[in-house]
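Given the sequences, and given the hints that come with them, work out the whole structure.
One-letter residues, chain by chain:
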Amino acid sequence: MTNSWTDIRNTDLVVVMGGNAAEAHPCGFKWVTEAKAHRGAKLIVVDPRFTRTASVADFYAPIRQGSDIAFLLGLIRYCIENDKVQWEYTKAFTNASFIVKEGFGYADGLFSGYDEEKRDYDRTSWDYEIGEDGYARVDPTLQHPRCVWNLLRQHVSVYTPEMVERICGTPKAKFLKIAEMVAECSSPTRTMTSMYALGWTQHSHGAQNIRGMAMLQLILGNIGVRGGGMNALRGHSNIQGLTDLGLMSHLLTGYLNMPTEKEPDLATYMASRQFKPLRPGQTSYWQNYSKFFVSFMKAMWGDAARAENGWAYDYLPKLDVPSYDVLRMFELMNHGKVNGYLCQGFNPVLAFPNRGKVVAGLSKLKFLVTMDPLETETARFWENHGAFNDVNTASIQTEVFQLPTRCFAEDQGSLTNSGRWLQWFWPGGTAPGEARPDTWIMAQIFLRMRELYRKEGGAFPDPILNLSWEYHDPNEPEPEELAKEINGRALTDLTDPNDPSKVIVAAGKQVLNFTQLRDDGSTMCGCWIYSGCFNEAGNNMARRDNSDPDQTGTHPNWTWAWPLNRRTLYNRASADLNGKPWDPSRKIIEWDGTRWTGYDVPDIGVTAKPGEVMPFIMNQEGVSRLFTRGMMRDGPFPAHMEPFESPIANVMNPRMRGNPVARLFESDLAQFGTSEEFPFAATSYRLTEHFHYWTKHNRVNAALQPEFFVEISEELAALRQITPGGWVRVWSKRGSVKAKAVVTKRIRPLICDGKTVHVVGIPLHWGFTGSAKKGFGPNSLTPFVGDANIETPEYKAFLVNIEPSSAPGVTS
Amino acid sequence: MSDSPRTAVSNPPTQPMASNFGERDLVRRSATEDLPPPERQLTPVAKLIDVSKCIGCKACQSACVEWNDTTPAIGENTGVYENPHDLTENMFTLMRFTEWVNPETDNLEWLIRKDGCMHCADPGCLKACPAPGAIVQYTNGIVDFIHENCIGCGYCIKGCPFNIPRISKADHRSYKCTLCSDRVAVGQGPACAKACPTQAIVFGTKEDMKQHAAGRIADLKSRGFANAGLYDPPGVGGTHVMYVLHHADKPQIYANLPENPRISPLVQSWKGVTKYVGLAAMGMMAVGSIVHGVFARPNRVSREDEENAEKLVEGKPVPPPGEHA
Amino acid sequence: MVERVQPGDAVHPGKPVTVNRYGAGARLNHWITATSLILLALSGLALFTPSLYFLTALFGGGQNTRAFHPWIGVVLFLSFFIFFFQLWKANLPEKVDIVWLSRIRDVIGGREERLPELGKYNAGQKFIFWAMTGLILLLIVSGVAIWEAYFAAYVSIPMRRVAVLAHSVAAVLIICVFILHVYAAFWTRGTLRAMTRGTVTGGWAWRHHRKWLRDLAGQRKTGPAE
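Protein chains in written order, with our numbering: chain B, 1 to 812; chain F, 1 to 325; chain A, 1 to 226.
Please keep in mind that the hints were generated in silico from the structure rather than gathered at the bench. All C-beta atoms in this analysis are idealised placements derived from N, C-alpha and C, irrespective of residue type, glycine included. Keep in mind that a hint or two might mislead.
[Stated by the list, open to error] Listed below are the simulated DSSO-like cross-link pairs for lysine-lysine, each with C-alpha atoms no more than 27 Å apart in a straight line:
1) K84/B - K291/B
2) K311/F - K174/B
3) K42/B - K250/F
4) K101/B - K91/B
5) K311/F - K211/A
6) K609/B - K509/B
7) K169/F - K42/B
8) K174/B - K773/B
9) K318/B - K291/B
10) K745/B - K250/F
11) K745/B - K221/F
12) K316/F - K211/A
13) K745/B - K177/B
14) K337/B - K118/B
15) K609/B - K276/B
16) K42/B - K745/B
17) K42/B - K221/F
18) K609/B - K337/B
19) K172/B - K42/B
20) K276/B - K318/B
21) K773/B - K169/F
22) K773/B - K738/B
23) K177/B - K221/F
24) K118/B - K262/B
25) K316/F - K89/A
26) K15/A - K169/F
[What the hints assert, rightly or not] Residues from chain A that face chain F, not an exhaustive set, calculated with beta carbons under 10 Å:
27) A46
28) A57
29) G61
30) N64
31) W71
32) L180
33) Y183
34) A184
35) T188
36) L192
37) G198
38) T201
39) G202
40) W204
The following block contains the structure:
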């Protein structure tokens, strides 16, 4: 989220697209009802299904899953054509005026530089023209034919309402009604918020879906303002924390990058991270990269990280591929190249696509360790449960260690919510049986491994032997200790650069926040963006003051938000070039002549003059990007791409399948189905009654939604002679499931490119453990392909077939 | 207003407190004719369910199960979202989902109504109940089932115009929403209202709830729901659970919410005229018999009758048939 | 046609003459029915009006009263209908019943001599018989409809409301009929022994059911003198 949950109440228009907030985030959705009740805000829902969110919406329009980019570019086109642009904002705060290199182009659904063999783009033409002064060239009049604005205008021109209807199946009249409502928010005193979730991310072009809406929000002037923003609703209470803390193979903490093989030493690694400003006077905050990186290395290896050894740079693994994401790991398991798996708080047998492939991979492991408070399907993947898990137990040699952990309610620590708030929590109960905290388990594994390395040596024991492990009880690091380590502290006295006699932070004290971090080895910090969460003022995450001066929704003293307790990112953009709020009734900060003041922590140097330093301080340009240069693999603008399994061909280029640069493994290619064999467009989703695969263990939740079902339209039911409440078989190229049929008016067939598209909805909460009735998950059916940029699996759009059937035969 | 909480949102008191209403606050008690008048008048409370804000998440159902410690069975899917499929002795409240195509706009509307006891001002269940003290009504309007007095006859079901009470097959007692009388008595709102994420369920004094509803109705009217309104049916004297409906002119589209609920005339006459006339009839019959017994001589067989019978059996002449004096 | 003499009816010469009126089976049935009816009336009245709720104490409380009542009803229904099939032919109406009824004042006044000669049953007894039959049928049907524990799922609530009203009206009527029946049996001295010993005296038969006695005597259905 750029904003926070509580800020949503400040909005005038909520667009829920690529998500189902009422269903999947009912508690956060209260802020939508607040906005509706107290501001008269309107709610728009665009979804293949008439969802629970749609049930309280002011306007609903259907859309074919996977076609959101066309819809969003259609909205951008509408705003441009009808002059519904927040011009002052767009001109000053976006890169609309930046001139793009000659050679950049887009034709037949592809950008310049495409290499079909490599399934990749040569992205060198996707960049600005750099002037002799080293800065990007701009044309503030927006007249230059290759300025970003004109390229954008040309790029979206094809997405007429007719084209949107043709691709998305959204009736033109409904699209235009939404376009009209959205366009009103180009007024500086009207804001729109975008609430999205996995309905946008779980596509092979997921990141580009989000780009589409972000660009629309930028030209409407809705980023950085109260009641605006791009608000990703996270699917778990701490999934934001997962990415923040770098639990992805290509990231270190705080979105620092894991080095690659092409960066064998620190100098090379840092060389590409200079982040020189692309416009005069801009901040380009990533210039501080080395301070964060060195402090991180000191947190990891303490005294073993020294200037002479490049702060132990050699200890870091170097990626030989872009990432070892879960899809790749399971691919490698299937090739016998991954032999052991520590599976902590994760249930890939239900959570990862193409379950057959997941189970085959697990079956080839030497060992599997699961750490979970619940009995997961993954821990029991080897157990035969009849039709629900039809494996040959005797043929599986994997040794499984099932380690029970405490659940969140039995532990303490912090959870990072969608709004980047780090909220400390305390145990509400005592863990049963042999359940242990995850930190204890990890410490035990580490201490034993370190002992083995100490005794037996090994190829390169140093990173393990030297790992910093300064905890009160090495057997079980305490959550507070870890939080303090994440916040960072001074290792030697930190003195004022202007007055070396003045000590700012004494050695051993917690740093105030990341502005005190240094790259000379005098500070350590586990995760720079979290720095400030637990400083000398105490555990700021444990703060529970819910006061909210002037009811702005800021709640500055409730827990702590990264970065620097800032609640709205880019909040400098809530004020105009002179520092005056676009909408005085929705002020966040303003320039009082000498400094920025207001309700929130300014997202700019507090004395940085408006008009000189632009609001998007993390970007080298100082402004936001309508054109992302070469930063995304699949294009500097979003462009319509079909899912890999689509009921219709890409109208821009019928030869193009899915995202042209998404990574495909050889074995999965053969497992894509066609619309001839699998005529129906399926999608997967959550239901309010459950949380993933956890709550089926709870009798109350299980009673509220006891049994696996699929949802289809009355028309599809008639077509396939399916009776409501009867059994159906649903199958894809990769697997087959049996479910009860919910026949509903909430799903209607769509007409896309002249073809009737029937939608099959498949919720994801059932498996073969727990209290609820045994069932299946959609992952038995979904394709093994991810987003081109981040490898989030394509769960939201795939092809299936459906027929009436009998109940699944249970032999166990 | 110390006797009633005004909202379910505020945090509950953290200090233990004595129950602030009980036996002395009864305004009605089933099968009890000589109920002493209540010692005081509590402020009437109400739960307001704003159907237009409800997202059908079932948090209310879940909270209800948790608070009342019931154990609803894990059923099966029958092609609908309602689970369990009906109110049960273990499920006092139920989201009912209706897919309704508005004939005026041709738009689908997914109407989700939280079903449960309406806490009628004139409760049919209480009227029908034969067990003294099994159903009570407090002066704040809450209609409560006192399970230790319940005999499981099911008369409350016949009395209820909303089809709410359910008899447990296990303990043969009747169950329904209590409006969390045990929570309200210690200054908290009902569990469902506390759990509702969108504040579609709010709780407070009935007056406040009506005012709150008026604001919601104005908002709905501004969004094109010309017939938005409050459901507080007068046929049962008004209810202490009220709905804000977008289509208040058509309550029956919300999973058959009765348009004009009232206690069935059959139940009225059973508990009214039948009882009095019946008792009178039986009484008169008994009294008539006694009076006759006292004033009329017993109908005795005479010596002559016996002789005639003996003669008849012995074949001697007796008075012929049909010849009576 | 009315069955004028029923199997088991017989006269025995002697002083006084004795007449077999009810066999052992019939008497057993009668008393089962009678006991059931009394228990049903007590338990039913307890649930009918709060002022009689104390009667539930006889059954061990309200829950037991609620639980026992319908089962007793089943017992009554079964016993009564065995009884019914033994008696119904003798209770068919005849012309003489109209005459008897038209002189009801003489009946109440005990002026038997002003009434026509009657068969085994007079119109009053027949009324009680048919009223019991009809009301018990109504009670069992309506009772099953409101038998919460087993049949709630099969009967709609509006139907249950009709049933509960019908059940209580029928119950009131059957209690009235019951009072009439019991009082008549007491008032008409010599009647009770028909249901205890199974026999009546010849004089009783002569006085109240002379045609029946004549039929028995005429058919020489005489047993050996005792």
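Here is what the structure says about each hint:
1. K84/B - K291/B: 43 Å, violated
2. K311/F - K174/B: Between K311/F and K174/B the Cα gap is close to 107 Å, so the pair fails against 27 Å, i.e. violated.
3. K42/B - K250/F: Within the cut-off at roughly 25 Å; holds.
4. K101/B - K91/B: 19 Å, holds
5. K311/F - K211/A: 15 Å, holds
6. K609/B - K509/B: Distance of about 33 Å is beyond 27 Å: violated.
7. K169/F - K42/B: Outside the cut-off at roughly 47 Å; violated.
8. K174/B - K773/B: 40 Å, violated
9. K318/B - K291/B: Distance ~20 Å between K318/B and K291/B Cα, so the pair holds.
10. K745/B - K250/F: 20 Å, holds
11. K745/B - K221/F: 26 Å, holds
12. K316/F - K211/A: 16 Å, holds
13. K745/B - K177/B: 22 Å, holds
14. K337/B - K118/B: 23 Å, holds
15. K609/B - K276/B: 20 Å, holds
16. K42/B - K745/B: 24 Å, holds
17. K42/B - K221/F: OK: K42/B and K221/F at ~14 Å, within 27 Å.
18. K609/B - K337/B: Distance ~56 Å between K609/B and K337/B Cα, so the pair is violated.
19. K172/B - K42/B: The hint holds at about 20 Å.
20. K276/B - K318/B: Roughly 25 Å separates the two Cα atoms, so the pair holds.
21. K773/B - K169/F: 23 Å, holds
22. K773/B - K738/B: Given pair K773/B, K738/B holds - Cα atoms ~13 Å apart, limit 27 Å.
23. K177/B - K221/F: The given pair, whose Cα atoms are some 20 Å apart, holds under the 27 Å limit.
24. K118/B - K262/B: Answer holds: K118/B to K262/B is near 19 Å, not above 27 Å.
25. K316/F - K89/A: Violated - the C-alpha atoms of K89/A and K316/F are around 31 Å apart, more than 27 Å.
26. K15/A - K169/F: Violated: K15/A and K169/F sit about 62 Å apart, past 27 Å.
27. A46: This hint holds: A46/A lies near chain F, its Cβ roughly 8 Å from the closest one there, short of 10 Å.
28. A57: 12 Å, violated
29. G61: Given a least distance of 8 Å, the restraint on G61/A holds.
30. N64: 9 Å, holds
31. W71: With a closest approach of 14 Å, the W71/A hint is violated.
32. L180: 7 Å, holds
33. Y183: At about 4 Å, which falls below the 10 Å cut-off, the nearest Cβ of chain F leaves the hint on Y183/A intact, so it holds.
34. A184: 9 Å, holds
35. T188: 5 Å, holds
36. L192: 12 Å, violated
37. G198: Hint on G198/A: violated, closest Cβ of chain F at ~17 Å, above 10 Å.
38. T201: It holds, given that the least Cβ distance between T201/A and chain F is near 6 Å, below 10 Å.
39. G202: Given a least distance of 3 Å, the restraint on G202/A holds.
40. W204: Constraint on W204/A satisfied, holds at 5 Å.
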